[in-house]
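So the chains spell out like this:
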Amino acid sequence: MSDPQANDEIRALSNLIDVLLPASADGLMPAAGSLGLAAPLREKLGDAWPATVSGLDACETVARAGGAGAFASLSQQEATAVLEQVAADDPAFLGGLVFNLYAAYYQHPVVVEALGLEARPPYPGGYPLEQGDLSQLERVRNGPRRYREC
Amino acid sequence: MSEEIADVLIIGAGAAGAAIAWSLAETRMRIVCLEQGDWMNPADYPTSRSDWEMDRFGAFGLSPNGRGRAEDYPVNDDDSPIKISNFNAVGGSTILYAAHFPRMHPSDFRVRTLDGVADDWPVDYATLEPYYDQNAQMMGVAGLAGDPAYPPKEPTLPPVPFGKLGDTLGRGFEKLGWHWWPSDSAIATEEHAGRAPCVNLGPCIMGCAQGAKGSTDVTYWPVAVREGVELRTRCRVREITVDENGMADGAIYLDANGVEQKQKAEIVIVACNGVGTPRLLLNSCSSRFPDGLANSSGLVGKNLMFHPYAMVTGIFEERLDGWKGPTGCCLISQEFYETDPSLDFVRGYSFEMLRGMGPVSTALFGMGTGRLPWGADHHEAYAQIWDRTAGMVIICEDLPEEHNQVTLDPELTDGDGIPAPKITYQLSENSRRMLDHAVTRGTEILEAAGAVETLSEAPLPPAGWHLMGTARMGTDPKRSVVDSWCRSHDVKNLFIVDGSVFVTSGGVNPTNTIQALALYVADKIKKNLTNLFE
Numbered sequence: 607m608s609d610p611q612a613n614d615e616i617r618a619l620s621n622l623i624d625v626l627l628p629a630s631a632d633g634l635m636p637a638a639g640s641l642g643l644a645a646p647l648r649e650k651l652g653d654a655w656p657a658t659v660s661g662l663d664a665c666e667t668v669a670r671a672g673g674a675g676a677f678a679s680l681s682q683q684e685a686t687a688v689l690e691q692v693a694a695d696d697p698a699f700l701g702g703l704v705f706n707l708y709a710a711y712y713q714h715p716v717v718v719e720a721l722g723l724e725a726r727p728p729y730p731g732g733y734p735l736e737q738g739d740l741s742q743l744e745r746v747r748n749g750p751r752r753y754r755e756c
Numbered sequence: 028m029s030e031e032i033a034d035v036l037i038i039g040a041g042a043a044g045a046a047i048a049w050s051l052a053e054t055r056m057r058i059v060c061l062e063q064g065d066w067m068n069p070a071d072y073p074t075s076r077s078d079w080e081m082d083r084f085g086a087f088g089l090s091p092n093g094r095g096r097a098e099d100y101p102v103n104d105d106d107s108p109i110k111i112s113n114f115n116a117v118g119g120s121t122i123l124y125a126a127h128f129p130r131m132h133p134s135d136f137r138v139r140t141l142d143g144v145a146d147d148w149p150v151d152y153a154t155l156e157p158y159y160d161q162n163a164q165m166m167g168v169a170g171l172a173g174d175p176a177y178p179p180k181e182p183t184l185p186p187v188p189f190g191k192l193g194d195t196l197g198r199g200f201e202k203l204g205w206h207w208w209p210s211d212s213a214i215a216t217e218e219h220a221g222r223a224p225c226v227n228l229g230p231c232i233m234g235c236a237q238g239a240k241g242s243t244d245v246t247y248w249p250v251a252v253r254e255g256v257e258l259r260t261r262c263r264v265r266e267i268t269v270d271e272n273g274m275a276d277g278a279i280y281l282d283a284n285g286v287e288q289k290q291k292a293e294i295v296i297v298a299c300n301g302v303g304t305p306r307l308l309l310n311s312c313s314s315r316f317p318d319g320l321a322n323s324s325g326l327v328g329k330n331l332m333f334h335p336y337a338m339v340t341g342i343f344e345e346r347l348d349g350w351k352g353p354t355g356c357c358l359i360s361q362e363f364y365e366t367d368p369s370l371d372f373v374r375g376y377s378f379e380m381l382r383g384m385g386p387v388s389t390a391l392f393g394m395g396t397g398r399l400p401w402g403a404d405h406h407e408a409y410a411q412i413w414d415r416t417a418g419m420v421i422i423c424e425d426l427p428e429e430h431n432q433v434t435l436d437p438e439l440t441d442g443d444g445i446p447a448p449k450i451t452y453q454l455s456e457n458s459r460r461m462l463d464h465a466v467t468r469g470t471e472i473l474e475a476a477g478a479v480e481t482l483s484e485a486p487l488p489p490a491g492w493h494l495m496g497t498a499r500m501g502t503d504p505k506r507s508v509v510d511s512w513c514r515s516h517d518v519k520n521l522f523i524v525d526g527s528v529f530v531t532s533g534g535v536n537p538t539n540t541i542q543a544l545a546l547y548v549a550d551k552i553k554k555n556l557t558n559l560f561e
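Those protein sequence lines, which keep their order, are chains A and B.
Position one of the first sequence corresponds to residue 607 (this note's numbering), numbered consecutively onward.
Position one of the second sequence corresponds to residue 28 (this note's numbering), numbered consecutively onward.
These aren't lab readings, by the way, just hints derived from the structure by calculation.
Ideal Cβ positions, reconstructed from N, Cα and C, are used throughout, including at glycine.
Don't take each hint at face value.
Said to hold, decoys possible - Computed footprint of chain A on chain B, listed as stretches where at least three residues anywhere in the stretch have a Cβ under 8 Å from a Cβ of chain A:
#	region
1	205–218
2	244–254
Said to hold, decoys possible - Sample of chain B residues facing chain A (criterion: CB under 7 Å; computed from the structure):
#	residue
3	Ser75
4	Gly197
5	Val226
6	Ala283
7	Gly285
8	Gly352
9	Val387
10	Phe392
11	Gly397
12	Pro400
13	Gly402
14	Ala403
15	His405
Claimed, not checked - Okay, the calculated bits of chain A under chain B, using three or more residues with CB under 8 Å as the criterion:
#	region
16	608–622
17	637–649
18	652–662
19	672–679
Just chain B, with the same shape it has in the complex (with noise of 0.2 Å):
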């Protein structure tokens, strides 16, 4: 047991948990954080070895019930048609993640005031703004200045290069006269911060090698171990303890060696995603809280969102030098982003598009669509495919819906014993039109850009990247978890910075949004530590 008591307790290393850190680095507050990885060693990414593309299958895949490393725990998704993907290290889920990292719109944070569903988030887009510009400075954040699908904004660099594949598809926008725009990245296209540039290696979702990616484990991590956060890798938090007057004052680990220790602390800050968090919470019953920490709302693990994903692929003639570059997303359309009261859906989403893929996934692609025959006409088969595909990713705003939630499984456990979540989630009528509608607009696209031949698939099972709104933010304690800077409404020194915040999904990849309330909250703490628990 650590004797000394921390200021701060973090539980979770990844994008928020390093944010937050390096923002209370500052107060000189002794500040500790439990991480259930391992620091990274980027020698050991793919890309450093001949056999990189089949690394997806094995140590480097995205669902963690399937990599077989002790660092992650089980999920049972089997009750869900979107199964998860997370990473558990230094830098979390940044790790495997693609970097696109737009912000959200104004609008996502005032759906119901505009339109008329789900919740307004108890902050706006204007509280937020600073917070995204400064996470910016701290990740990295490539991009183009002058995209009217946002308020102004200046990335910190040049945007991520894209390409006679880019430019192929840039002419598809241009021909449909649609909105596109080369996408927020959070990739350092120039040496920043002692990162190295970006190379175009490739398979950024299976770490970056060069470390021109922006994972927290080489943008927050450093500066904030340098400014005095210990960091304790390989300690896994099996609940969060409370004391007689029903404040948080601690948590439970399993360290490395699997012993059990207890870490005292005066503010305990949760940061273990959507699913990893009300998983703690909710194991962390007491007499006082006999149905998980911070849950008298019920709403500890409901109204779980994620983003609903199709992936529309087209065929060209042309080589388009699609194998090379940063996967996610070179380029963003917001062409459907806002509410459009003609179509049968509410919200909207983007299409990201994606590069192309290099040869043992062509392979596996044309053998998994059933385009590619082996024997004697193999090689004409695949010469129609290699370095001619392009596509994109489709990201559907999900609105939250009560009996979408992680609940604990009664009889899956983690290695060490710990009860393990439970995922049961359904795709909403509005989901599945809105995914229909951007499959047919995502054709579009391909064909105006030459597809000669163009396949979808919707939703995209193991896109289950963004885990939301399982412990939502509000100012009514009966409706919601947190209040408007993330201190849960029924213990007032514990606080919650991850997606499980958000009170609605937005159309856009969460991380740059995560972090944004993370430094956030992290200033209102700065700004209240004298009245922190009135």
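Bound conformation, chain A alone (with noise of 0.2 Å):
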């Protein structure tokens, strides 16, 4: 059965995340919370969640005290201002969560295939990586011997 408080603050991450990491203006990067990434950054955060949802809740408090309403309903640049008020009076609020948010969206199949990669491991596909110019070395292959004999 779910629970609804856990839902609603899921929900309310997803919304936090997609102001920290909001769709690129041309469209080619996702919002993270389009990505899906709450739950599992939720996963993620471990003891560091109910920190959290304090701050979750200090920026709902301060978005309804400004008179604007929830902070879902908020323009990009109305959450971020709120945003900064709560992470100004609370520095520790952001600090590990942007830190896992940053690691878990990009390494999201959809963002790391906008960056223009494949979406997949390293391993067991490799890359082809080209050997390089090795003709500009003739200087330094002519040139001193670089070493002390002894």
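Build the complex: two chains, separate frames, hints provided.
Listed below in structure tokens is the structure:
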């Protein structure tokens, strides 16, 4: 059975990470929340989750106190201002969250492909890499000995 | 207790233990090696998974204090600006090394004669040269002949490719007119001795799933085991024991179940690295050796050398294809390797050019350096660094100082209750000056190559990879722990063959020299078997 409170928290986190990592202006990079990263991120945060929930609550409180309504209803610019205020009051709130969010976002297949890579682990396929221009070394090769005889 | 006496007991199955085991195997002596770690399963290496980049913060991190592996022992490195990086497994730290594989220079063995500092080694480059060659065959060394920074040498395999990133950096070196060269790397660029060729996975320092990297679990050990060497894993040695004549007669160890065992032996060879070896010797006290085994000089654990590292990173406007290819070092420069009397430091350093970063590492780099905001400006900022970073580590020669040392921590122990090592280390003034010079020059290289922004860090805290000097070689028993073929001055059937025996550190990665020395010692043992204990 699903836990309504937990679902609300995941929704709130999803809104928050959409502010932290919104879609790019050209649409190539997706918003973090749209990738479904909130639930795995909650798992990753582990012991830090209660502090994150406190931060989410603070965002909601600050947003409503400003008279603009729920945090989820704010524009990117308004939500950013709220987040900056909450982070200023509680500097520890965003550090671990952003670290784990970046890690989750930049290994997501959609994001990896948007960066121009294949969405797969490096092994076993590997990657081609050209040798490079060895002719650039002729000056060094024909230069003086660079070690001391002894 | 093992009833059967081994002819040779080797403690540690890393770079040196593997090499000497393989070389001695042809004698058909009964050789037993005890290793506290286990065989690695290449399928467990991170590059087989999509989340591979984050494993450097977990099970494949560099510090034994943060990995949470039962095979590791803790190290108290609180009193050192450089933290210990190692690995405990069959293959030792070669499992996580970058396989950058330069030789030392001839001058590195003659620093007292040439530059008036530290001490000369009791061996020289010419003595080790055939063992470097032998090691190149066994480890599979890729490189390019013709480097004027070295006496002539022929790499076994074609050089590691350096691609667009290397071309870019090469143009920087050419603009400055400085030395640079494709680096020697223990990486199979072609199929070699049963190893599959490198496919440019990237993060060599988290283990090579392809098996192309020359870690000794895929180079020396398969051959040594086939030749009859018995390798026992998950066996942590607590102490080396001595008989009534003061000769080493074996070791007491804890097996995989934590049960105490004893292995008797005629010859004991220690290969536990520059921290593990003094730890073991200092833990091997007896009425005859109350200050630790082989320690009449009082120098066991003293003269610890790292290589103080700097890192300089450049951000470029063009994409560099740097996220693929062997991480460690595609190019090396030894423009400032030899002592230059016009500079304010003695000895020198190497520039080791790195490849770029994967997507996650790029984001964390951006976050850590304050150039990647969250919010609306994030993607634009990320695009300015993704696949646009290239840089270097700079490896500075460290000189021996007795106050830099490994001792036993009075409280910290490993999972078996064995006292753990404590590191006490300070950067010397010479090292600080060298680092300052290196960062300035490294920045020049990147700017000449087209970097639009550079940043640096020195010393690099997690760079305690190279552990040297804590059981030094020498001819004077009062000033050294082992003699010119790494035999203890005090205990005639005890040998040490890891970085502990280094007299000085050179300005290059030490693994190739550690192994060349181990092969040299093996030959000396083989040639002197009839009068080994005299």
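Hints versus structure:
Requiring three or more residues with a Cβ within less than 8 Å of a Cβ of chain A, the coverage given for the region 205–218 of chain B holds, as 4 such residues are present. For a cut-off of 8 Å, the count of residues in the region 244–254 of chain B with a CB near a CB of chain A stands at 0, and the three-residue condition is violated. For Ser75 of chain B, the interface hint holds, since its Cβ comes within 7 Å of a Cβ in chain A; the closest pair sits about 5 Å apart. Of the supplied interface hints, the one on Gly197 of chain B holds, with its beta-carbon coming within about 5 Å of a beta-carbon of chain A, less than 7 Å.
Among the interface hints, the one on Val226 of chain B holds; its C-beta lies about 2 Å from the nearest C-beta in chain A, closer than the 7 Å criterion. Checking Ala283 of chain B against chain A: minimum C-beta separation of about 29 Å lies over 7 Å; hint violated. Restraint check, Gly285 of chain B versus chain A: the minimum CB separation of about 30 Å is more than 7 Å; hint violated. The interface hint given for Gly352 of chain B holds, since its Cβ lies 5 Å from the closest Cβ of chain A, which is under the 7 Å cut-off.
The criterion of a C-beta within 7 Å of any C-beta in chain A is met by Val387 of chain B, whose closest approach is roughly 4 Å, and the hint holds. At a threshold of 7 Å, the smallest CB-CB gap from Phe392 of chain B to chain A is about 10 Å, leaving the interface hint violated. A cut of 7 Å between beta carbons decides the hint on Gly397 of chain B: the least distance to chain A is about 12 Å, and the hint is violated. Given hint, Pro400 of chain B at the interface with chain A, is violated; its Cβ is 10 Å from that chain's nearest Cβ, farther than 7 Å.
Against a cut-off of 7 Å between C-beta atoms, the interface hint on Gly402 of chain B holds, since the closest Cβ of chain A lies about 5 Å away. A least Cβ separation of about 6 Å between Ala403 of chain B and chain A falls short of the 7 Å threshold, and the interface hint therefore holds. Among the interface hints, the one on His405 of chain B holds; its C-beta lies about 6 Å from the nearest C-beta in chain A, closer than the 7 Å criterion. Requiring three or more residues with a Cβ within less than 8 Å of a Cβ of chain B, the coverage given for the region 608–622 of chain A is violated, as only 0 such residues are present.
Using a Cβ-Cβ cut-off of 8 Å, 0 residues of the region 637–649 of chain A lie near chain B, which falls short of the minimum of three, so the contact claim is violated. For the region 652–662 of chain A, the assignment as covered by chain B is violated, since 0 residues bring a beta-carbon within under 8 Å of that chain's beta-carbons and 3 are needed. For the region 672–679 of chain A, the stated coverage by chain B is not satisfied: 0 residues place a CB nearer than 8 Å to a CB of that chain, which falls below the threshold of 3.
Checked against the numbered hints above, the structure breaks hints 2, 6, 7, 10, 11, 12, 16, 17, 18 and 19 and satisfies the rest.
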